[in-house]
Amino acid sequence: MELQLEPVPTYEKPAASSDSALIAAAISGAEPAFRELFRRHTPHLLQFVTRVLGASRADAEDVVQDTWLRAYPALVTFRSESSFSTWLCSVGLRAALDSMRKGKRHVAESLFEEDASSDPPATEDRVDIEGAIAQLAPGYRMVLVLHDVEGFTHEEIALQLGIAPGTSKAQLFKARRVMRALLTGREKTDVQ
Amino acid sequence: MYNDETVELTPEERNALASLPREMNPGDLLEARVVRALRNEGHFGVAVPRRNGLSLAWKIAAGLALFAGGVATGRYALTSDVPQSASISAPASQNRDAQILTPRTEPRPVRHNETVVAEREMWL
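Just so you know, the protein sequences line up as chains A and B, in that order. So the first sequence is residues 38 to 229, counted in my numbering. So the second sequence is residues 4 to 127, counted in my numbering.
Worth double-checking, as some hints may not be accurate.
[Said to hold, decoys possible] Among chain B residues calculated to face chain A with C-beta under 8 Å, some are: (1) L20; (2) M27; (3) N28; (4) A40; (5) L41; (6) A60; (7) K62; (8) I63; (9) L67; (10) L69; (11) F70.
Because the hints were derived from the structure by calculation, they are not lab data. C-beta atoms are modelled at their ideal positions from N, C-alpha and C, and glycine is treated no differently.
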């Protein structure tokens with residue numbers, strides 16, 4: 038059978054293009070446009086996923102790949118109501134959650150149980166804030182990163198994680214207490 | 004419940020959170036990996052069979068001609084004289100045996116299809 042390559046859509050000046058133009062070109066199959074979109078947004082996505090997962094870079098890269106594999110076919114559904122970066126992080130969050138639920142990260146089945154311990158890990162060494170976030174329980178870490186680092190509202194977090202806004206608030210408060218204990222040293226903070 | 008005063012971020016904590024790096028260099032390998040994975044899923048100018056309208060019409064016509072020829076051949080075989088075709092295809096030894104086994108009696112009147120059925124049973 039005669040095989041011929043479909044003509045690749047033309048695409049020029051990727052650096053000067055807006056996200057919308059890149060998305061439109063990528064949807065039509067322009068690989069350079071997708072690559073530019075990837076280069077523009079993956080650095081933040083990779084940092085976000087790494088922080089949310091508290092994972093190694095290799096694990097985070099797997100989730101980032103999964104994120105783009107989900108995001109590309111869904112580009113047609115993207116509306117400019119939010120920034121593309123926010124939308125992509127939402128896709129990345131779902132990919133991260135699925136990764137955690139598959140047991141790759143060996144976390145509890147329910148990330149947001151109300152009776153989850155709010156005690157910090159047994160260490161009296163001060164850690165930097167990145168280390169403190171990484172040591173949080175997965176449910177705490179996720180809500181804290183989304184709210185205090187990425188700037189999501191509790192309603193948005195609730196929507197993304199499939200929990201009640203009140204649960205998001207409760208998780209955030211507990212996460213902040215644990216993080217504070219880790220930052221200041223456990224003996225200096227009453228976390229009970 | 005929760006005391007907001009104890010869970011509000013201090014200015015130091017806010018600064019520390021704000022100073023966190025927002026980006027991490029993914030490197031070229033990850034980009035190549037993702038693009039390859041997307042290609043494997045059929046995106047980005049994957050080779051697809053291009054349908055030529057003329058050649059497709061010829062293929063359809065050839066298929067129809069073959070089908071019609073098969074139908075015509077089949078009809079011809081069914082309506083042709085069966086004893087004649089049987090005598091052509093039967094081995095000579097079997098023809099000889101059949102002649103021996105056939106009683107040499109006067110031909111009796113038979114019904115229209117009787118002979119055909121008997122010969123078909125003999126050869127098929």
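For each hint, the structure was consulted:
no. : hint : result
1   : L20  : 5 Å, holds
2   : M27  : 4 Å, holds
3   : N28  : 6 Å, holds
4   : A40  : 6 Å, holds
5   : L41  : 6 Å, holds
6   : A60  : 15 Å, violated
7   : K62  : 11 Å, violated
8   : I63  : 15 Å, violated
9   : L67  : 20 Å, violated
10  : L69  : 19 Å, violated
11  : F70  : 22 Å, violated
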